[in-house]
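K.L.:
Taken in order, the sequence shown gives residues 1 to 338; the numbers are from the working numbering.
No wet-lab data here; the hints were simulated from the structure. Quantities reported herein were computed from a predicted structural model and do not represent experimental measurements. Glycine included, every Cβ here is placed at the ideal spot set by N, Cα and C. Any given hint could turn out to be false.
[Unchecked claim] Label-pair distances were calculated between CB atoms; the ranges are:
#, residue 1, residue 2, range
1, Asp7, Tyr283, 54 to 60 Å
2, Ile182, Val41, 45 to 51 Å
3, Pro44, Arg6, 39 to 45 Å
4, Asp114, Arg155, 17 to 23 Å
5, Gly190, Ala16, 28 to 34 Å
6, Ala152, Arg18, 39 to 45 Å
7, Ala287, Gly32, 37 to 43 Å
8, Arg59, Val313, 35 to 41 Å
9, Gly233, Val313, 19 to 25 Å
10, Glu10, Ala145, 24 to 30 Å
11, Tyr283, Ala230, 26 to 32 Å
12, Ala152, Ala280, 49 to 55 Å
13, Ala255, Thr187, 18 to 24 Å
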Amino acid sequence: MTDRLRDRGERALLEAIRRLIPRGRGVRLGPGDDAAVLAPVRSPLLLTTDAMVERVHFRSRWLSPRDLGRRAFEVSASDVAAMGGRVVAAVLALTAPPTLPVASLRAMMAGVRDGACAAGGALVGGNLASGSDLSLTLTVLGTAASRPVTRAGARAGDQLFVTGTLGGAGLGLRSLMGARSISGAATAVGRWRRPRARLRAGAALARHGVAVAMIDLSDGLLIDADRLCAASGVAARIDADRLPLARPLRDLAPARARELALAGGEDYELLFAVRPARVATLYAARAALGCQVTRVGEVVAGRGVTVLAGGRVIAAGAAFGYEHFRRSPRRRRRTETA
Numbered sequence: 001m002t003d004r005l006r007d008r009g010e011r012a013l014l015e016a017i018r019r020l021i022p023r024g025r026g027v028r029l030g031p032g033d034d035a036a037v038l039a040p041v042r043s044p045l046l047l048t049t050d051a052m053v054e055r056v057h058f059r060s061r062w063l064s065p066r067d068l069g070r071r072a073f074e075v076s077a078s079d080v081a082a083m084g085g086r087v088v089a090a091v092l093a094l095t096a097p098p099t100l101p102v103a104s105l106r107a108m109m110a111g112v113r114d115g116a117c118a119a120g121g122a123l124v125g126g127n128l129a130s131g132s133d134l135s136l137t138l139t140v141l142g143t144a145a146s147r148p149v150t151r152a153g154a155r156a157g158d159q160l161f162v163t164g165t166l167g168g169a170g171l172g173l174r175s176l177m178g179a180r181s182i183s184g185a186a187t188a189v190g191r192w193r194r195p196r197a198r199l200r201a202g203a204a205l206a207r208h209g210v211a212v213a214m215i216d217l218s219d220g221l222l223i224d225a226d227r228l229c230a231a232s233g234v235a236a237r238i239d240a241d242r243l244p245l246a247r248p249l250r251d252l253a254p255a256r257a258r259e260l261a262l263a264g265g266e267d268y269e270l271l272f273a274v275r276p277a278r279v280a281t282l283y284a285a286r287a288a289l290g291c292q293v294t295r296v297g298e299v300v301a302g303r304g305v306t307v308l309a310g311g312r313v314i315a316a317g318a319a320f321g322y323e324h325f326r327r328s329p330r331r332r333r334r335t336e337t338a
């Protein structure tokens, strides 16, 4: 007989969760009291939160409970990576239906714990509540080694780079949602299920003084590039021919692969601006980043994002990608016809 949350009650469940969580570095008091107690730090503090809600961000059948917990952590930690920081601690507010198996709850918590420990931080507390849908809200506390890297430091003439590859997670999500079978679907689904925040790369970019503006790619390269540009008061030109496509995209029609790389979303890579005089420093520091970096465009005067392919404009105006509360994803004002 399956042991479910309704068979245990909140108090017993919290005690079971506490036994899963080790005390991290700098944690004076972890789960079990009214609040966690952390050792003071002298560095600037970074605080971010993100939610994963069933039927909005995921379906339970799409991934294992442990992958779900780890994914929830990585999605939130990605914001710390985008500011060049390191993770100190995390708290989780979890809402779950009473019918959820206790084993699934344990696996989710283990996934969050794994992510926090891998990032050098600790899960230090949270909240457990009963509700109709599964929901995980992760709040992550981080520190910046010196001055945090924000979205607002880019200026005309800067070069735009991305870490890793693009479009794999978007393709994986579409496969999970029932898109026709494609070559490499299993790899793409894995990219969606198991993102990893670019904490090492973000910290190295900040430490070497390379990135002057940075953002993580959660909703798609174009819409996130537009956000960085809006914060900096500039525009961007993206060269679609230079996009680092995830391997499964290479079997798709070029236009489809390009669309996923530009607007697929959920890659959790980093987009960052570099002064021309610092590009050589970036390339010299690549080993410290732990991932590939690719120049994908440049910052120019103006507003918005323009995409070029083969030397001609294929998209211009408002960026497109995923936005909550819109009835459908934003679309291009001008699009290629082929």
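K.L.:
Each hint needs a verdict: does it hold in this structure or not?
P.N.:
Status of each hint after checking the structure:
1. Asp7 / Tyr283: 54 to 60 Å: Check passed, 57 Å falls within 54 to 60 Å.
2. Ile182 / Val41: 45 to 51 Å: Holds, at about 47 Å.
3. Pro44 / Arg6: 39 to 45 Å: Given about 44 Å between the Cβ atoms, the range holds.
4. Asp114 / Arg155: 17 to 23 Å: violated (40 Å)
5. Gly190 / Ala16: 28 to 34 Å: Between Gly190 and Ala16, where Cβ atoms are some 29 Å apart, the hint holds.
6. Ala152 / Arg18: 39 to 45 Å: Since Ala152 and Arg18 have Cβ atoms about 41 Å apart, the given range 39 to 45 Å holds.
7. Ala287 / Gly32: 37 to 43 Å: Taking Cβ atoms as reference, Ala287 and Gly32 lie about 42 Å apart, which means the hint holds.
8. Arg59 / Val313: 35 to 41 Å: Given range 35 to 41 Å: holds, Cβ gap about 38 Å.
9. Gly233 / Val313: 19 to 25 Å: holds (22 Å)
10. Glu10 / Ala145: 24 to 30 Å: violated (39 Å)
11. Tyr283 / Ala230: 26 to 32 Å: Given about 28 Å between the Cβ atoms, the range holds.
12. Ala152 / Ala280: 49 to 55 Å: Once the Cβ atoms are compared, 24 Å apart, the range 49 to 55 Å for Ala280 and Ala152 is violated.
13. Ala255 / Thr187: 18 to 24 Å: For Ala255 and Thr187 the Cβ distance comes to about 21 Å; the hint holds.
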